[in-house]
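If you're matching them up, the sequences are chains A and B in order.
Counting from 103, one number per residue, gives the positions in the first sequence under the numbering used here.
Counting from 4, one number per residue, gives the positions in the second sequence under the numbering used here.
Just so you know, these hints were derived from the structure itself, not from any lab.
Small disclaimer: the values here were computed from a predicted structure and weren't measured.
Heads up, a few of these hints could be off.
[What the hints assert, rightly or not] If the Cβ cut is set under 8 Å, some of the chain B residues that face chain A in the computed set are:
#, residue
1, His36
2, Val39
3, Pro176
4, Gln183
[As the list claims (entries may be wrong)] Quick look at which bits of chain A chain B covers, simulated, 3 or more residues with Cβ under 8 Å:
#, region
5, 113-122
6, 128-135
7, 168-174
8, 184-195
Where is the CB? At the ideal position from N, CA and C, for every residue including glycine.
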Amino acid sequence: MTDSATGPGAMWVEQAGSLTLVELSRTCGAQVEWLVELVQEGGLEPEGDAPPNWRFAGASLRRARVAWHLKRDLQLNAAGAALALELLDEIHALRLQLRAGEPR
Amino acid sequence: MQFKDYYATLGVERKADADEIKRAYRKLARKYHPDVSKERDAEARFKDVTEAYEVLKDPEKRAAYDQVGQRWQGGAPPPDWDAGFEFSGRDGGAPPGADYSDFFEALFGRRAGVPPTGHARGGMRGDDHHAKLLIDLEDAYRGAQRTISLRVPVAGPQGSVQWRERQLDVNIPKGIRAGQHLRLAGQGSPGHGTGQAGDLFLEVEFRPHRHFRVDGRDVIVELPVAPWEAALGASVMVPTPDRRVELRVPPNSAAGRRLRLRGLGLPGEPASDLYVVLAIVLPPSDGTAEQQAWRTLAKAFDFNPRASMED
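Next up, chain B with everything else stripped away, as it sits in the complex (with noise of 0.2 Å):
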């Protein structure tokens, strides 16, 4: 068990007060919120922030954790360190749907969101789920079918949480694209009484890929040419996420070029474009011969790269 140091997250002293406290976590929050960062691991800084806060803030919290902070001696929790802390009211453990860590759960508990039972007024709709559902971006390109399986909290015996899992067959629309949404109907919790059950939500995110990046509507590859293909010109062929194309790459250009295919990005209408981005790659020269042709173009060209940095 890791031990987590809160203040140190959020960059606090241990004798802070409620409002540096307070200060210190919406700047932070502000700064890796997930739907505004462009921070690498912005998702995962924003967590730690919040879960730190979520103890920090309040006073009962924050005294039990100082307690077993004092006692934790360098990586080892002191023998009793998770017994029992018990909190008043509904600011418990972790609040529904929060993902926090082992850490914290050990120490505050965990609640999930366990749809409360027992308040069926005649019929009441159940509760919508949602849920992130990772495709390839070969399946947006020509549309899927796919199976997921989804880990849905359940409450088991004395209020403890069990995890059910299931397999749901989805239709991947072709042309779908990242932070859009399927809904399917009646997969969320059932109704209560009579009431309908809810739906289920599932947001698309593309699964990372070998060569592609998707930027909002753009699809990006880099593709590595030889120093002579980009000096002189040369017809090469690209893959797409769908199929290979064939690209003329211009005389004389630079690492970094991006060149555009037009309608070859994410399909819909109109279709977005792909962006070739050049990647001047140097071939292995090892031995004498390539050695030789490199000082042979050394000769053939009169070339300060560095000519700009000098006065």
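Only chain A is shown next, with the shape it has when bound in the complex (with noise of 0.2 Å):
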């Protein structure tokens, strides 16, 4: 069986400005609850002070979809995965530091 739809105007999600609690759930998969758990334990940053008004970068997006799965996948919770996602930025420095550092 085959459809085919035309066209249809996509938008690239991490250029489209800030999402809310609400779109960032849907878009990555998360529960509203346990994003809000993950804000709370410093995992993700959103603009505003409270949930209805968190704004996020689109940044956060994939963000929220690595913490998501470690917590699916390996049962973190959401402190753990805040952890995670610590720890892999400081991985992705240090590897960007230790190219600057090969021989040139």
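Dock chain to chain to rebuild the complex, using the hints, since each chain is given by itself in its own frame.
Here it is as structure tokens:
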């Protein structure tokens, strides 16, 4: 069976401005409650004072997805996922440094 | 049909208890988790490990698997080996969305991620779908319009799963990177009742390229140079995913030297960099004249490349 759809406007999520909590939850497939916990643990840093006003930068999407996969596959809680995100950031920064230090 | 040794996959003995199995699984799952691991084949290994655990953690499935395993003779399944196992409750076959081996599905059945039907309450929004979008690096440099095919599971008669293929035209924006997402509004599951359709999210991934590698934002190309180009310096043409540019190789460049072409990586604000890594390549030297040239070279230098290894 085949059907086709033509030319739906594809939106570049990371460039389209900020996401609300509900949008982020839909986009990364994670539960709203769990995302709130992740924010409380410092794993994501939205602008705004309370969950209904939170606005997430486009780059949060990847972090939220990675954290959610870690929870789903490794049963990490929000604190553990936030720690993993920080360590992954650090590894990434170290790799960049390592590369900058290679012989030129 | 390939028999899968789930005990070997997890590295546990056949008599391992539930705690040992869980421990082994968790350790391997952390090691090979695709979001964390830099191991080669991490994704494939993670799938194997997850599948093995899915069976061995569940006493019913483990018992059925052990029974089949005992009667499996050198690659050939016993004649009635897949004659219907029945499992209790919702822990039947593969979880929705999981991608398990044929072996697993033959043994435990398949339950694809078919959206449940018949629970329309007024209007409920359709589910969002997620898929990977493989693109060429060139598309991210220039922007492109591509037609993609997606396979969508749909419920067939008697709850069986059928695959429906659909095609979508997608505009790939210039400068998009691996791990970023495109959202196609209304292309997810249809809404229930009067509800809106869900969206389709595509996560971008680059197809492996013959010449270029992408690492985060940076693009890397290995450039072959002749020994004399590396020694004396040279001006050479380098391909970028977009065009060809001239590069000055500095004299006395060692193999592996990285040269940065600022702003010639992926487009953006700012554009990333393209790194050229030099690879010194020897010319074929079968003829007498070529060999003579190397001998002359050897005589011209007082050079011991292994000096640092001698005490």
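Here is what the structure says about each hint:
Interface restraint check: histidine 36 of chain B against chain A, minimum CB-CB distance 6 Å, threshold 8 Å, status holds. Nearest Cβ of chain A to the Cβ of valine 39 of chain B: about 7 Å, under the 8 Å cut. The hint holds. A distance limit of 8 Å between C-beta atoms decides the matter here; for proline 176 of chain B the minimum to chain A is near 5 Å, and the interface restraint holds. Evaluation of the glutamine 183 of chain B hint against chain A yields a held restraint, the C-beta minimum of about 5 Å falling below 8 Å.
Coverage of the region 113-122 of chain A by chain B holds [criterion: at least 3 residues with CB-CB distance below 8 Å; count 6]. Evaluation of the coverage hint for the region 128-135 of chain A: fulfilled, as 3 residues show C-beta separations to chain B shorter than 8 Å, against a requirement of three. Note: the region 168-174 of chain A has 3 residues with beta-carbon separation from chain B under 8 Å; the three-residue rule is met and the coverage holds. Only residues whose C-beta sits within less than 8 Å of a C-beta in chain B count toward coverage, and the region 184-195 of chain A has 3 of them, enough to reach three; the restraint holds.
Violated hints for the displayed structure: none, as all numbered hints are satisfied.
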